[in-house]
Amino acid sequence: LAKTTQPISMDSYEGQEVNITCSHNNIATNDYITWYQQFPSQGPRFIIQGYKTKVTNEVASLFIPADRKSSTLSLPRVSLSDTAVYYCLVGEPRGSTLGRLYFGRGTQLTVWP
Amino acid sequence: GAVVSQHPSRVICKSGTSVKIECRSLDFQATTMFWYRQFPKQSLMLMATSNEGSKATYEQGVEKDKFLINHASLTLSTLTVTSAHPEDSSFYICSAVDRSNYGYTFGSGTRLTVV
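If you read the sequences in order, they're chains A and B.
Following the numbering used here, the numbering of the first sequence begins with 1 at its first residue and continues without gaps.
Following the numbering used here, the numbering of the second sequence begins with 1 at its first residue and continues without gaps.
Next up, chain A with everything else stripped away, as it sits in the complex (with noise of 0.2 Å):
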């Protein structure tokens, strides 16, 4: 399983523009990027997919260079309810199989007024 390294925590103000970047140097071939955002008490929600280049979707973009071996989760004029920890893990792709899903450190997002 290819390790992820994210920072630990991260502040912004509301309206800005976060960028969360992802390491996962031994990312293997058939591996995916996924992002996951978690509340406090509550269970993490899928936010985006990707395996290469650039995937936006409605709420964040992911970008992925073309060696793989980092991703950076943007996510547009951020608001206060944006605050929640991040995580990004890597695997197998989220609607193809079955695999485990396993949660690295994650990152804590602050957003402040």
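Keep in mind that the hints were calculated from the coordinates and are not lab data.
Any given hint might turn out to be false.
If you want a taste of the chain A side facing chain B, the calculated C-beta under 8 Å gives, among others [stated by the list, open to error]:
id: 1; residue: SER41
id: 2; residue: PHE46
id: 3; residue: GLN49
id: 4; residue: PRO65
id: 5; residue: ALA66
id: 6; residue: ARG100
id: 7; residue: LEU101
id: 8; residue: TYR102
id: 9; residue: PHE103
id: 10; residue: ARG105
The C-beta atom is built at its ideal place from N, Cα and C for all residues, glycine as well.
Add chain B to chain A, keeping to what the hints say.
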């Protein structure tokens, strides 16, 4: 979207008693469910993989006789914490895999407090 319901959301039990936590997929069938435990300020730790109609697979270091898992139907998995002790107090979260598209959906979690 897919919804996974966990019940109860909070439970307090006395030391030495057992408590059962239910995980239900409300609008999809889940052949596989996962159980996690999360201590305060820590990440989710995978405890076991629950497969419908078969025995659960436990992660290394997780006591299978203490954490009993039953996955009797395609929409229900249960985790029973037997002879609970204060150190079992934690946030327990389940995740269900939709057999039609293999998407993962997490439940809202159960806060267990053993007194």
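Each hint tested on the structure:
1. SER41: Holds, about 6 Å.
2. PHE46: It holds, given that the least Cβ distance between A/PHE46 and chain B is near 7 Å, below 8 Å.
3. GLN49: This hint is violated: A/GLN49 lies away from chain B, its Cβ roughly 10 Å from the closest one there, beyond 8 Å.
4. PRO65: violated (25 Å)
5. ALA66: Since the shortest Cβ distance to chain B is 27 Å, the answer is violated.
6. ARG100: holds (6 Å)
7. LEU101: holds (7 Å)
8. TYR102: holds (6 Å)
9. PHE103: holds (4 Å)
10. ARG105: Holds: closest Cβ of chain B sits about 5 Å from A/ARG105, inside 8 Å.
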